[in-house]
Amino acid sequence: DDEGLERIAHMLGFESRDAFAQAFRDSLLLVERHYAALFETAPQLSSGIGNLVFTGDVDDPDTLKTLSGLGFERPSDMARIIRTWHFGRYRATQSAEARERLTELTPALLQAFGETRRADEALARFDAFLSGLPAGIQLFSLLQSNPALLALLARIMGAAPRLASIITHRPHVFDGLLDPGLMNELPSRAYLAERLESFLEGIRLHEETLDRLRTFANEQKFLIGVRLLTGAIDAARAGHAFSDLADLTIDAALQAVRAEFAQRHGAVRGGAVAILGMGKLGSRELTAGSDVDLILLYDHDEDAGESDGEKPLPPSVYFIRLTQRLIAAVSAPTAEGVLYELDLRLRPSGNKGPVATYLSSFRKYQREQAWTWEHMALTRARTIAGDDAFRALVEGEVASVLAQPRDPAKVRREAVKMRALIEEEKPPRDAWDIKLVRGGLIDLEFIAQVAVLTGAVEGGERPTETAAILSRLAPVFAAPAVREELSRAKALYESVTQIIRLCLTGPLDPKDIPPGLLEIMLRATDLSSLSALGAELKDTARAVAKDFDSLLRGRGSTRKIPGEARDGGG
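Read left to right, the sequence shown gives residues 1 to 570 (the numbering used here).
Source of the hints: derived by calculation from the structure; they are not laboratory data. Each hint should be verified, as a subset may be incorrect.
Unchecked claim - Simulated restraints on C-beta separations:
#	residue 1	residue 2	range
1	R264	N351	25 to 31 Å
2	R74	L522	24 to 30 Å
3	V58	E97	22 to 28 Å
4	A545	N351	29 to 35 Å
5	L436	I203	40 to 46 Å
To be verified - Simulated crosslink set (EDC-like; lysine to aspartate or glutamate; CA at most 16 Å straight-line):
#	residue 1	residue 2
6	K546	E484
7	K538	E397
8	K410	E374
9	K417	E374
10	K511	D526
11	K511	D433
12	K435	E424
13	K546	E485
14	K538	E485
15	K435	E423
16	K65	D120
17	K65	D77
18	K364	E310
19	K311	E374
20	K538	D430
21	K511	D430
22	K435	E425
Every value quoted in this text rests on a predicted model; they were computed, and no experiment measured them. We put the beta carbon where it would ideally sit given N, CA and C, even for glycine.
Work out the full structure: start from the sequences and follow the hints.
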């Protein structure tokens with residue numbers, strides 16, 4: 001629109017449209033010269049790996065050749081990503097010093113990503129990480145001066161998409177890797193408790209406390225995962241650490257919610273609360289990707305009336321609303337993420353029952369109405385939070401329920417029916433589906449749970465961990481050789497499962513395993529190749545399936561018992 005441009009030129013003080021156009025072109029050329037000058041003194045990407053040039057808009061042929069030689073399958077796309085770092089579009093690369101440090105670091109970065117043998121994916125994930133960083137100079141300097149930290153970052157980006165996603169969305173968790181003692185300090189319960197106390201020190205506001213808990217949990221999950229990734233801890237210790245972290249943070253969340261709730265509603269006379277950890281939390285086998293199974297129990301004086309606060313509530317309403325607040329505090333998404341995804345379906349009557357259960361109701365249900373599979377689930381239960389005296393009372397009640405007399409044959413029959421139902425409704429994807437495959441984790445767990453319910457676990461404190469139960473199977477239930485075979489199977493399955501859940505967000509595809517992930521699994525299982533690991537898993541599953549048939553179906557039997565899983569209570 002020539003007339004429109006003419007009017008704009010006059011509005012801007014130019015005599016004509018042509019004069020305006022000339023001034024506009026001069027301005028563009030001036031900006032171009034200044035922009036080009038930014039990179040005239042930038043360090044050259046010279047290294048022993050070949051030519052690396054990322055200035056200008058056109059791909060340098062020698063650079064593409066270097067990238068291909070490093071293992072990048074789409075060198076032109078990767079070159080384009082690296083060029084954008086020079087444009088200062090990310091907060092981490094807005095300063096000239098940051099871009100200079102990143103330029104100096106780039107050859108080492110590319111070499112490290114190439115060594116993951118998933119170079120394109122590693123670089124793309126690093127770019128996503130870079131885009132979320134609030135600043136870059138310190139990180140780039142640290143990576144340049146610390147080859148081990150650079151190698152660890154590359155391993156995360158190339159072999160562990162789940163961990164890479166965590167640091168991409170919450171870059172602050174990467175700060176924990178700067179602790180020089182990280183790999184030497186085991187994440188024990190005492191270690192985590194001490195750090196949590198320090199992390200919450202001085203916090204008074206309710207919402208700030210919950211946000212700090214989410215931040216702490218996310219950072220510690222990441223650091224526990226890094227220790228597992230590097231071999232600083234094994235799978236069993238990782239399961240303990242993930243579970244201890246959940247115990248501590250959920251207990252802290254409960255304390256915060258109760259304090260805030262009491263400000264408005266007061267307290268119920270004789271009121272007490274305990275949280276039962278179920279499933280993998282109860283058995284201290286949580287993984288990086290586990291949700292958390294809980295049952296919240298409460299008690300109060302028999303003649304307790306409404307709570308004594310400004311807004312009084314009847315006891316049942318009080319504890320149900322308190323539990324709802326806790327659920328929101330733990331699982332509602334916020335800017336800091338969620339603390340944990342919760343599953344409360346194992347409570348009495350499942351989703352049909354109230355979210356909080358009165359102790360006397362729990363006692364009556366477990367003794368008179370619960371199905372065998374619910375008692376099997378209860379073998380993994382342990383209290384993780386709440387009032388100490390009430391927790392001890394609940395532990396005693398659980399132990400009493402589990403110790404009550406049962407018909408061993410009936411327990412075995414119903415366990416077999418439940419296993420058949422699971423196999424029918426959730427068949428395994430393939431031989432790598434360690435949880436569901438015949439002879440897999442479920443079979444091991446069912447053997448352990450049946451042993452507990454039939455009194456076939458040798459003395460000592462009541463164990464909730466599957467591995468501990470299997471190691472204590474009574475000789476009348478399983479011969480020592482079988483006990484050792486089952487324990488070895490549990491260790492193998494846990495090693496592979498913990499690493500898969502740490503590194504991947506979905507199921508494992510054996511045809512497309514990141515090489516770095518495979519190396520981690522082989523190191524953890526002390527095997528030499530993917531085929532060797534696959535063969536070991538198949539052999540182990542066959543042995544466990546045979547043991548399952550022998551111990552639960554009747555010695556030597558491979559017959560499936562038809563019928564529904566619930567053919568009666570008890």
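These are the hints, each one checked on the structure:
In this structure, R264 and N351 meet the distance hint of 25 to 31 Å, their C-beta atoms being roughly 28 Å apart. The hinted window of 24 to 30 Å between R74 and L522 holds, with their beta carbons roughly 28 Å apart. Checked against the given bound of 22 to 28 Å, the beta carbons of V58 and E97, roughly 27 Å apart, stay inside it. The hinted range of 29 to 35 Å is satisfied by A545 and N351, whose Cβ atoms lie roughly 32 Å apart.
Separated by about 43 Å at the C-beta atoms, L436 and I203 satisfy the suggested range of 40 to 46 Å. Under the criterion of a C-alpha separation no larger than 16 Å, the hint pairing K546 with E484 is consistent with the structure, at around 14 Å. For the proposed pair K538 and E397, the alpha carbon gap of about 40 Å is over 16 Å, so the pair is violated. Of the supplied pair hints, the one linking K410 and E374 holds, its CA atoms being roughly 14 Å apart against a limit of 16 Å.
For the given pair, K417 sits about 14 Å from E374 by alpha-carbon distance, which is consistent with the 16 Å threshold. This hinted pair does not check out: K511 and D526 have alpha carbons roughly 21 Å apart, beyond 16 Å. For the given pair, K511 sits about 14 Å from D433 by alpha-carbon distance, which is consistent with the 16 Å threshold. At roughly 14 Å between alpha-carbon atoms, K435 and E424 fall within 16 Å of each other, so this suggested pair holds.
A distance of roughly 11 Å separates the Cα atoms of K546 and E485; the hinted pair therefore holds under the 16 Å criterion. The hinted pair formed by K538 and E485 meets the criterion: a straight-line CA distance of about 14 Å does not exceed 16 Å. The straight-line distance between the Cα atoms of K435 and E423 is roughly 11 Å, inside the 16 Å bound, and the hint therefore holds. Proximity of K65 to D120 is assessed by CA-CA distance (about 15 Å); at most 16 Å being required, the pair is judged to hold.
Using a Cα cut-off of 16 Å, the hinted pair K65 and D77 holds, with the two alpha carbons roughly 13 Å apart. Among the hinted pairs, K364 with E310 is inconsistent with the structure: their alpha-carbon atoms are about 33 Å apart, more than 16 Å. For a cut-off of 16 Å, the pair hint linking K311 to E374 is broken: about 37 Å separates their Cα positions. The suggested pairing of K538 with D430 holds, with an alpha-carbon distance near 11 Å, which does not exceed 16 Å.
Restraint check for K511 and D430: satisfied, since their Cα atoms lie roughly 12 Å apart, inside the 16 Å limit. Proximity of K435 to E425 is assessed by CA-CA distance (about 14 Å); at most 16 Å being required, the pair is judged to hold.
Hints 7, 10, 18, 19 from the earlier list are contradicted by this structure; the remaining hints agree with it.
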